[in-house]
Structures are given as structure tokens and as C-alpha cells.
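The residues making up each chain are set out below.
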Amino acid sequence: MLIGMTLGVAIIFAVDIANESAKRAFALSLDAVTGRTTHQIIGGANGIDEAIYTRLRTELGVRNSAPVIQGAVNLLGATEGAEQKYTETLQLLGVDLFAEPMFRSLADQRPPSDDNTEDNASAKVNRDSLKLLHHGSVILAQSTADRLGASVGSSITLADSSVTLTLISTVDTTVQANFENIAMVDISTAQDVLGLQGKLSRIDLVLPLQPAAATFKQRTTQLEQDIDYIEAAISGARVIEAARRNNALLQMTEAFHTNLLAMSLLALLVGAFLIYNTVTLSVIQRRSVFGQLRVAGVHRHELFRSIITETFAFSIAGTLAGVILGYFLGSALLTLVTRTINDLYFALDVRQVNYSAFSLVKACGVGLGVSLLAAIPPALEAANSPPVTVTQRSSMEGRINKIVPLIFIAGIALMCLGAMILWISDRSLWAAFVAIFCIVSGYSLTIPKLLLLLTSVGNRKTKRIVNAYTSLGHYPLRSITASLSRTAIAIAALVVAVSATAGVGIMTGSFRLSVAQWLGDALQSDLYISSTAPDTSLPPALIKEISALENITGTRQVRMLEAETDKSPIRLMAVRSSGTSPQTYSFKEKANRAAPGATVNPLLRAASADTRIRLLQTTDSVLIAEPYSSSQNIRVNDTLNISTDQGIKPFTVAGVFTNYTSGKGLVVISMNSFHRYWSDRRIDTIGLSLSEDIDSTETKIQLRNILSMYDDKLLMRSNTEIRTQSLEIFDRTFAITHVLRLLTVGVAFIGILSALMALALEKRSEYAVLRALGTTPFQLRALLFWQTGLMGLIAGVLALPLGIVMSKILVSVINVRSFGWTMEYHIPLIVLLESLILAIVAALIAGLYPAYKLNQLSPAEALRYQ
Amino acid sequence: MKSHLFATLFIITSFSLALSSCNYPPQENSTNGVSLHSELGGKAEGFERACSAREFSFPEDHGAHPAYRNEWWYITGNLENSAGLRFGFHVTFFRVANPPATPTDNRHSSHWVSKEFYMAHFAMTEGLTGQTAANSSSFERFSRAAAGLSGAQVSNTNLNTVKVWLDDWQLNARQVNDKLVWQLSLKEGDYSLQMNLTPEKPVVLQGNAGYSQKSAHPCNASYYYSIPRLRADGQIMVAGKKHDVTGSAWLDREWSSSALADTQTGWDWFAIQLNDGRDLMLYNLRQTDGGIDPYSYAVEIDRQGNKRQIPIDQIVIEIQHWWQSDSGSRYPVAGTIHRKDTGEVLVFTPLKENQELDFTVRYWEGAIDLTNINGEKIGHGYLELTGY
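Chains as they are written, first to last, in this note's numbering: chain A, 1 to 866; chain B, 1001 to 1388.
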């Protein structure tokens, strides 16, 4: 009983912990990098010219400004001789110490105190902080330093820069939690580490509302004037509200967290099933004891109270154990969640395990609440029945059978409600999850009825075969329906778990297939050469030299940079193709519908891919990625205003292409348009098409030789390598879904185990009679085997339709609503088969222990109580 | 020689205060003073020290001397508007070398790499009008000497001969008819100062031809010169109200790598401009035992700018009034200066008692009035009290 409850509570709590910790770390990271900033000056490509800051300070007198350089870095641990060095990815935050006090409170934040020792301590910290001015000095969180094996004064090397850092001070994250993910350095160090000499990522501003002004309107007007004043002076850069930018970042991960939340709801459902089953079991299991107690004169109220009290005590113990187990489970899950976030969105390192009071209350509430709810009906039943019938199980089953049609109807109604919610809700992710929840719980309510139907059909169809081959006939099948109250719940739990597995499995399968297809389309070149150092580009001489090679039939040059738009920030990809390197994008018809009622350029109406690409190359047009289109609600023919080096320019959206990268929106522009509006002439990546009739190895060797003559860190990768790598990342991202799937099945497994245990215990006398009638222990075991196998099979079969429905919702509703990814729907048969086998195997394994217990049954002993 | 040195060195040890909070409780001065000195004594390596007299050359020497650890450009002045309302101002730009770094072999190409930083103080005081409380305010800034954010430059152009700046606070000098005319331009909040400063006397090299020894060790010294009287006129804003003002100012320049001895706790420094055209500068270096250090110094500058050093035993200062600030420090803000050599008695009283500067290092720096024993006004000046 305890195990079931513990697991149920644990899984609910664990998912919550993982989710919340990741979220909090993310929020703290944002807080640490933006602090009290109200506005930011940002530029177009690659940040802004550092001279803007000097001007701001020395000419405009804007004092509440701080230069910031930010970027991800990999710090290497100090492990000697290890082959794979411990690496930690952090946000490198380059600041000017002298400009900081207004902004981030990264230094000691403790309030002034009269305590002398405290003062001395902070004096020491701050004396150290002046050393931050030295090139290479870094301040880390104490916990980060510990993991890297670094102490104050020691050197830290970087994975992708020749600059050596010296740890000058650490920050205690119990005082300053937002420092956890940060490596703070001087702005000069940051420029050199990230290769951003002469540039700033942004300038943070604190533009206060004028408190002296009388009305809010006056105050905001003053603020607007301030912004205009600054903007007028800094050509090519823009002032934006800090909150807006952070929100864009937060929104990116929001969808991911909502998905995890859905997982935790599913866990909640399965966990609740489990607890319910466990508690019911523990009460019903002792019906005979209760009967005897009643015979001995115990009053029904006393009996009821004692059952409830006992359950309550157990549930407290179970819940506590569950919370503890959940905590550890959650910490393990957190690693997976963090990895996904890292792969998809933002360099984040979560070490602190956090949980809110709410999730604790939720887990405990479910643990205690469901236990009590589950205990009440059997306790009432036990207390109210005449002592004689209490010892008989049949009385209870009789009543259960009466309500089966009722809950069946309720289940159907709930499923209809779910379908309706799905139909009505437009873009709401939440509504979609509520709908899934309705459908899943509705379906599980119909399970008893379905079970009865299925077994009666099974009975009729298999009569002859069964009679021919087994001595026990339909006993196994009938005994499942005979103890419906027990088996139905166990099967329902298994159905939910297995269907979730199937649903998520189908979804990831479809997703993977779509991604693989997309990679195939997108990676048209044979070889890719790119620069690995951050913010560097390929040397122009190299591009010339390579393009001139004999066996290269075409090139595709790409420049990727970040740009601001009137919507959220984008990654702008400027592309130029030549020779046989084609421009390939797949345009889904559905994604490329213009906004209803808009006057659409006739060229764009149901345009072919060629037309769209021609427009891209000849006009001021862009192609945007599908997720960006759906998240920002920008459609074909709409205008996207991008801030270029020549100010803000409008671009027409000529097409929405399929893309499965996430994070910032991806926007493609032709190299010609790019050069028209941007002064940047660099190239990051060049894709090469090789002529088909030659051996590519030779060309590769030739290319390697050329590359070795250039000093830069250049990387050559083949199209297969990239594809493999991308799919690896994909699989890594979905690792957490697999783990959660398995966990859910694990919980269901415990559920079915406890149900079978209960059955076996209750049927002791039944089995004893069977034994007494001459059934061998082997036959009895076979009986149980059949029975559990059948339960698993039934659960598996019942789970499939639900799993398919769930996957359909996941693919065409949830994924579209949360990421903007549409994908091919594809049901891999193997997933269905797997689910079926999973259900049967889970049930069979769960039957092993009861069978073993049964083996030890002494018929005489068991019959004595009759 | 004044609190700047003290303050400058101070921030090396207690820079924190500015960083974490303005209202940070002050540290015990004496303990810091001691740690200051130990730091000063040992770590002047890598810097040149002022050990003997040198040749001065202008305008070059108005610029920075990066071979030395510390340097400042210091200007104080007494101003008056047409209605007779009195004001005092104090502006100092400090150049401070960063604490020594452990050498690394990092290549750096960032423009932000700096070996030194600048600190600037700006304070303004309004004289008491009898009816309303006098306004005053003080501001402190820091900036690295890199990326054009702060620095000191001397060029041969007439327009911008000297430029010392920290953000948009500036001290400039340009050549006008063979005279270097200085300009101050500072603004912060409701206070601003736009001032032309025209020298009325030539540069005066203090100590021994500009070599100013502060204690027995010959290298515990600084290079020190003054322009003791500049005619000031311009516009100021005090608490949001603009005033056209005229008056007189004093400019001090000093640089060194180490100066104080262990036995010195602070100093009382006077810069006095008398109505008869004479200027008087004197400082008493106070010793830990309460005595006056023999390296204290006094000088009289006549109308033409000729300097005459006054033996320190010829000066006796009697304190008549101590003022205690909210922080608990007590400052001798009023008293008499007896000159044994001439028999003169100068009575000094502050324009306002509270002219304490609540900066990284707390000190008292304020405008004073000078009267004779009959109470007749004979001049004005600035008084600096440190180490209290």
C-alpha cells in the first residue's frame, strides 16, 4: 500500500520540481543579466558600436547607462589528465564595474548592518571586485567554482577562446541566487573572449519615470522624450523596453514548460489511479477481518472511523515518502529538462533544485485526498453491511455492476466535452491540454463497460478453442469481470499509461520523420565549411579559392546574424546560391495562406516554390520560418519591418517555409537584398555541391589542404554528419519524454501488481477449493498467468485507440499551438506493437509475485476459514 | 597636498562602498588609515616616485603623469551672484592606477583594457541667507580611463590645450592671449557649474621647486603646483535655480606614488585668498600622537605671484568651534590662525557648518570666510579636514 502511494505522489512531485527549477533558473538568469534595467539600446547585426556608449556618456550625459557584452562560453574544469574535460556552459556577462551600481546588484547585496565582521567581509569582497578590471579576471558562483575545481586565484581555461581567466572572487548563491548561471568579467575581457572588439551586445539604461511630474501621462511623456533624445543621437541603434525583450525570451520556453506541465498532469492522473487502487485494496483485502470485528461487536461507526484513520495515517507516511522520493527523482529529471532547454533555447545551467509550496501542497493534497476518497466507499461499505455479507465479496461486485452503465455514459460525455473544447478553442495551448485530460479521463471511465463487452465477445468467440485446450475453460476471463471493481481500475491505469506511451511515441515518431525529411530537403550541399570561432567569418580569399575548385559545381553562401524587427527578434539568414546549388525550401500549402481579407499580390496567390524564391531574389522580400509565422501571426504577403544598417526597412513575406529549428524566428533574405541594406559583407558558412561523377574523397583532401593554410578555426562537415548530429540533438531533446513515458508505465505496473495481489489474496479460498478439487499448482499458476496476460492484452487493446487519438491531438494541435511546427502524421506500427507488448509484459511481470504467493497456499489452511 | 591623496588611496581599499550602496556605514577611519599606509609603503613598485626636484614644463605638466600612481586636478572657489548671495564649489578629478595585476599572457585588443581609472568629486554649497536653509549637494563619479570615457590630455592646439574629463564632467583649458583660460563644465541633477577661470597669478611651484616632501623619507613626496588665484565667472545651478556668478578660484595639481608616513593620520589644509591680494596656503600634517608633523608647510604668495615660505613654527592655529556630523565625526570648522612672523591674526568661519562630503571616503571640504579680530572681512578661502 505504501509503495503505491509513494510512487504516485513521487511522480507528481518530481515532474513539478524539474519544471519549476528549470523555470526559476531561467528567470534568474534573465534577472541577472538585465537587473533593474528599464530600457536597452540594441543594434542591428552583432550588437552596437562601442562608440555609442562613449558618446552617450561624455556628450549626452546619460549617466544611467551600462555597457553589456553577453554570450555563452564553455569553461573547462581543472581535472588533470582526464580525456574528456568537465565543461560548464555559462552566460559570460561582460560589465563595466564603474557603470554597474545602478543596474545589476551582482556585488554583495546584504543590507548595511552594524555587525562588524559582516562589514569586514563585504569590504573584502568588494576590494576583490576592483580586480575585476584586470583583463582575464572572472567572478563565478561559489558552486560553479567548486564544480570546476577552481579556487580564488586559480586559472580557468575556455573551450573556445585562447583567453585564460583568473578566478578572483566567488559569490555565494544562497545569498545571490541569480548568479548561478553567470561568469562575470570585465567588458574588455568579454570583448576579447567573444571576439567582439569594438562592439557591445547592448547598453542597459535606467530611464526613470519623472517622479516630479504630476500625472502619469506627463511622466511617460518625459520618458518618451528621453528615449527620442537618445535615439536621435545614436543612429543605427534602437531603444527598446527591457521587459519586452525578456518576455520574448520567456515566451520561447513557455511552450516547452507547458508541455512538461501536461506530462505532470498525466502523471497526476496515473498517480491518482494508483493511490486509489492501493487504498481500496488495503481496505477490501481485510473485509473478512472487518466482518469478524463486526461480529465481535464493534460498532459500524467505530469501524468506519478506524478504517479512515488508518488510511489517513498510511497516506501521511506514503505521501511523505513520496515527496522525498519525488525530490530525488525530480533532481534527476532536471538534468534532462536542462539539457533540452540548452539544446533548444538558451545556455542554462540549473543546479539548484527548487519547488514551490504549491507543488508540495499539490502532491500532498493528491496523496492524502485521493487516499481518503478512495477509502470512504469501501469503508462505508464495510461498516454498513451486515457482518455476514461483509465477508462476502460478491455483494460488492453486485453493486459495482449496477453503476457500470452510469459511469460509461459519464465517460462518453466527458470525451465529447474534450472534443468540443478542442473544436472551439483556437490557439490556446491550455484548452488543448484540458481537452486531452477530459478525453483521457472520459475514456478511462468507459473502461469497465468496454471490459465487460470485450470479455463477453471473447467468451463467445473463443468458446470452442478454449474448451478444447484448457481444463479451466473461461475461468480466467470470467474472473476478470467477476471482480470488476478491482480489475477495471488496474486496467484503466494501465490503459492510460500505455496510451500515453503510444501517443507520445507516435508523436515523436512523426516528428522525427518530419525532421529527417526536412533535413534531407534543407541540406542540399554535399559539404559545408564554417567557422567555429564565435562571431568570425570565412576569409574572403578562402571563399574565392574554394569556389574556383574544379569539382565544385555550385556554392551556397550564408551569413547568419541577429536582427531586430517590429515583432520579436529574428535570426536573419542571408543566402546566395550559385551553380548547381539549389535554393530549396519546402512550402506547405496550409502555412502559406495569406491573412483572410488581405489584398494579396497576385504572384503570391498559390505561388509555386520557384515563384517564391524568384520573388525573394528579385524584390525586397523574405521567407520566414513556420514557427515564427505562427508565433507572431505573420502570414504570406504581410510586411515585416527589419532594422537594417540603413534604418528600419519593410520586407514582404514571400513565403513560409518548413523549419524545425526553434528559438528566435528564422528569416531568409537574399544576399543581394542583404547587401543593399546591410554593410556586413561576411560569410559564415559555405555549402559546396560536388560534381557527381567524381570521387568526393579526393576533393575533400584537397579542401582540407586549403583549409590548413588558413589560420582560423574552420570546420568542414559533410551533409551526413550534420544530419546525424541534428538527429542526435533531436533524440536528446526527447529523451525526457521517453523517461516520463517509462515512469508512467512503471507506476501503472505497480498498480496492476497491487490489483493482482489483491485478487490473489481475496481468491485464496476460491483457489483452495480449486486445489481441493484436484487442480495442480501448475494449473493454478497457468490460470493466473492467463488471467494477467489477458488483463494486459485487454489494456493494450483498449489503449491503442486512445493512444492514437492522443498522438493526433499532440501532433496537429499541441505541437502547432506550442511551437508552430506542423508535421507529417505517421503512425509507426512498431509503436503500436510495442505498446501492446508493453501492456502484456507489464501485466505478466506483475503477475509473477502473486503467483509465487499462491504457490505457497495451503488449501487446508485457506479452507479452514470458510 | 590634501585629502585627495588620502581619499584616493582609500578607495583602493574600500571601493566597495561606492559600489554596493551609497548609505553604507563608514568604516573606522583610523583602521583604514593604517591599512592604507601599509599598502602605500609596499606597493609603489612599478611606479616612479617623487624623490627629488624636477623640471616643470607647461602646458605638458597640466596633463597626466601615468608613471605615477595617483594624480589630481583640484579646483575650489568662492562665488557671489549680483544679489550678494554666496556660493562655494569644489571640483576634483582624480587619476588612480588600478591595483597591480598578476601578469597573464592574454593577448588583448579590446579598447576597454585600462590600467587606471578616474574618480571625480563635485560639490556646491549655498551661503546662509538667514531666511531659508542653504542648499548644498555633492556628487561622486568613477570611470575607467579607456574607451574615451575619462582621461586627461594635453595638445598643442589653442582650443583644447588641456582636457580632463569623466563622462560629461569636464575641465578644459584653452590659450587666450598668452593666457591659459580654464573652463569647468559639470552637471548633475539639479546642480551645474559652467565656469570660466582666468589666472590672475602665474603657476606657483610648491615645496622645493614643486617637489613637496611629506615625511622623512625623501620619496614620501609629491610633485605639487598651484594657480592660487583665478578670476571666476559663469553660471551655476543650485537646487534647480540658475545664478550668474563671479568670484575667485584656486587650482591645485599634485601627483605622486607614495607620500604618507605611518605616523600621520590626516591633515588640515587651508587655501586663503586675502582681499589685499595676498594668498596663503598652509597645511598641518597631524600625527597619531596629536602633534604636528615637522613636514607641515605654509606659504605666502604676494600680488605678483612671488612665493615666500613661512616656517611652520611661525604659525599657530587655535580651534574655537568643533562641528559634529551625523556620522559622528567632529571637525574643527572655526578658529584663528596666528602668524608669529607678521603678527597677523586671521579668524576663519565656515560658510556653512555642514560641508562634509559623504563620498567613498568621508571628509570635510568647505568654503570659509576670513575676518580680522575686529570682525571685518579680510578674505575667503577653502578648508579641507581629513582623518577625523
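I should point out that these hints are in silico values taken from the structure, not numbers from a laboratory.
Quantities reported herein were computed from a predicted structural model and do not represent experimental measurements.
Glycine residues also receive a C-beta, built at the ideal position from the N, C-alpha and C atoms.
Where hints are given, some of them may not hold.
Stated by the list, open to error - Below, a sample of chain A positions facing chain B; criterion: calculated Cβ distance under 7 Å: (1) T54; (2) R57; (3) N64; (4) F98; (5) H135; (6) Q191; (7) D192; (8) Q197; (9) A419; (10) L714; (11) M716; (12) S718; (13) L742.
Said to hold, decoys possible - With a Cα cut of at most 27 Å, we get these calculated BS3-like pairs of lysine-lysine: (14) A:K199 / B:K1115; (15) B:K1179 / B:K1163; (16) B:K1163 / A:K199.
> Hints broken by the structure, by number, lowest first?
Replying inline: 3, 9, 10, 11, 12, 13
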